[in-house]
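Student: Chains A and B, in that order, give the protein sequences. In terms of the UniProt record's numbering, the first sequence opens at residue 1 and continues consecutively. In terms of the UniProt record's numbering, the second sequence opens at residue 1 and continues consecutively.
Worth flagging that the hints you see were computed from the coordinates, not collected in a lab. Ideal placement from N, C-alpha and C gives every residue a C-beta, glycine not left out. The reader is advised that the hints may include incorrect statements.
[Stated by the list, open to error] Coverage of chain B stretches by chain A, computed from C-beta distances (three or more under 8 Å per stretch; other residues unrestricted): (1) 3–11; (2) 21–31; (3) 36–49; (4) 56–69.
[Stated by the list, open to error] The list that follows gives simulated cross-link-like pairs (lysine to aspartate or glutamate, EDC-like), each with its CA atoms no further than 16 Å apart: (5) B:Lys-18 with B:Glu-38; (6) A:Lys-41 with B:Glu-72; (7) A:Lys-11 with A:Glu-38; (8) B:Lys-5 with B:Glu-77; (9) A:Lys-41 with B:Glu-38; (10) B:Lys-41 with B:Asp-63; (11) B:Lys-5 with B:Glu-44; (12) B:Lys-5 with B:Glu-56; (13) A:Lys-11 with A:Asp-63; (14) B:Lys-5 with A:Glu-38; (15) B:Lys-41 with A:Asp-16; (16) B:Lys-5 with A:Glu-77; (17) B:Lys-18 with A:Glu-44; (18) A:Lys-41 with B:Asp-16; (19) B:Lys-41 with A:Glu-72; (20) A:Lys-5 with A:Glu-56; (21) A:Lys-49 with A:Glu-80; (22) A:Lys-18 with A:Glu-38; (23) A:Lys-5 with A:Asp-63; (24) A:Lys-5 with A:Glu-44; (25) A:Lys-18 with B:Glu-44; (26) A:Lys-41 with A:Asp-63; (27) A:Lys-18 with A:Glu-72; (28) A:Lys-41 with B:Glu-44; (29) B:Lys-41 with A:Glu-44; (30) B:Lys-18 with B:Glu-72; (31) B:Lys-41 with A:Glu-38; (32) A:Lys-5 with B:Glu-77; (33) A:Lys-5 with A:Glu-80; (34) A:Lys-41 with A:Glu-72; (35) A:Lys-5 with B:Glu-38; (36) B:Lys-11 with B:Glu-38; (37) B:Lys-5 with B:Asp-63; (38) A:Lys-11 with B:Glu-44; (39) B:Lys-11 with A:Glu-44.
2 protein chains.
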Amino acid sequence: MYLVKVTVTYKESILDPKGEAINDALQRLGYHNVQSVELGKYFELQVAKSDRPIAEQVNEMCDRLLANVNMETYHYEITEMRTQA
Amino acid sequence: MYLVKVTVTYKESILDPKGEAINDALQRLGYHNVQSVELGKYFELQVAKSDRPIAEQVNEMCDRLLANVNMETYHYEITEMRTQA
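Can you build the whole structure from these sequences, using the hints too?
Tutor: This is how it looks when you write it as structure tokens:
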């Protein structure tokens, strides 16, 4: 079993008004040393082993469903989990 | 300067219908080895050094704004960045 953590964020050229709104709110709360905020999505998947390499499968899932590759980029981290006996 | 990556997900006791919808969609696309999907939020902050310890500040920002601590839990990762000369 694998634990897969995927983060999806906008590409640099795409405006992120929600991230800016959060930055504004943090400034109002007094966190003046915050320089920028980017908002993205986070997915945590549990995936059983299969015939296919896990990274290949995760790439494909990101391209086909989890990210809009026209506007977004993704990163992922795959950890193998020990299953309980 | 610090790069702060925050992930916010629902507590275990809270239903996550969007995560389930994504899991259903992945199943329909043929990824039958996906066992569960949890959907969360992701924040990437650039924070300048200040008098206060960065971890203390990030904790406070999560508690006050980034997460709804009644329903959500958060994790963060802080990396110190080299500033360009």
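Student: Between the segment 56–69 of chain B and chain A, are there enough contacts, at least three residues with CB-CB distance under 8 Å, for the coverage claim to hold?
Tutor: holds (count 5)
Student: State whether the coverage of the segment 21–31 of chain B by chain A holds or is violated, taking the criterion as 3 or more residues with Cβ-Cβ distances under 8 Å.
Tutor: holds (count 5)
Student: Holds or violated: are the alpha carbons of A:Lys-41 and A:Glu-72 at most 16 Å from each other?
Tutor: Holds, because 10 Å separates the two Cα atoms, which is no more than 16 Å.
Student: For a C-alpha distance cap of 16 Å, please report whether B:Lys-5 and B:Asp-63 respect it.
Tutor: Holds, at roughly 15 Å.
Student: Within 16 Å, alpha carbon to alpha carbon, are B:Lys-5 and B:Glu-56?
Tutor: 14 Å, holds
Student: Given the hint that B:Lys-41 pairs with B:Asp-63, test it: the Cα-Cα distance must not exceed 16 Å.
Tutor: 14 Å, holds
Student: Against the 16 Å threshold, does the CA-CA distance of A:Lys-49 and A:Glu-80 hold or violate the hint?
Tutor: Holds, because 10 Å separates the two Cα atoms, which is no more than 16 Å.
Student: Would the hint linking A:Lys-18 and B:Glu-44 be met if the CA-CA limit is 16 Å?
Tutor: This hinted pair holds, its Cα atoms lying about 12 Å apart.
Student: Keeping to a limit of 16 Å between CA atoms, is the pair of A:Lys-5 and A:Glu-80 held or broken?
Tutor: Holds: A:Lys-5 and A:Glu-80 sit about 12 Å apart, inside 16 Å.
Student: Is the straight-line distance between the alpha-carbon of A:Lys-41 and that of B:Glu-72 16 Å or less?
Tutor: 15 Å, holds
Student: How does the segment 36–49 of chain B fare against chain A when you require at least three residues with a CB closer than 8 Å, holds or violated?
Tutor: holds (count 14)
Student: Take the C-alpha atoms of A:Lys-11 and B:Glu-44, compute the straight-line distance between them, and say whether it is at most 16 Å.
Tutor: With Cα atoms ~13 Å apart, A:Lys-11 and B:Glu-44 stay inside 16 Å; holds.
Violation of the numbered hints given earlier is absent; every hint is satisfied by the structure.
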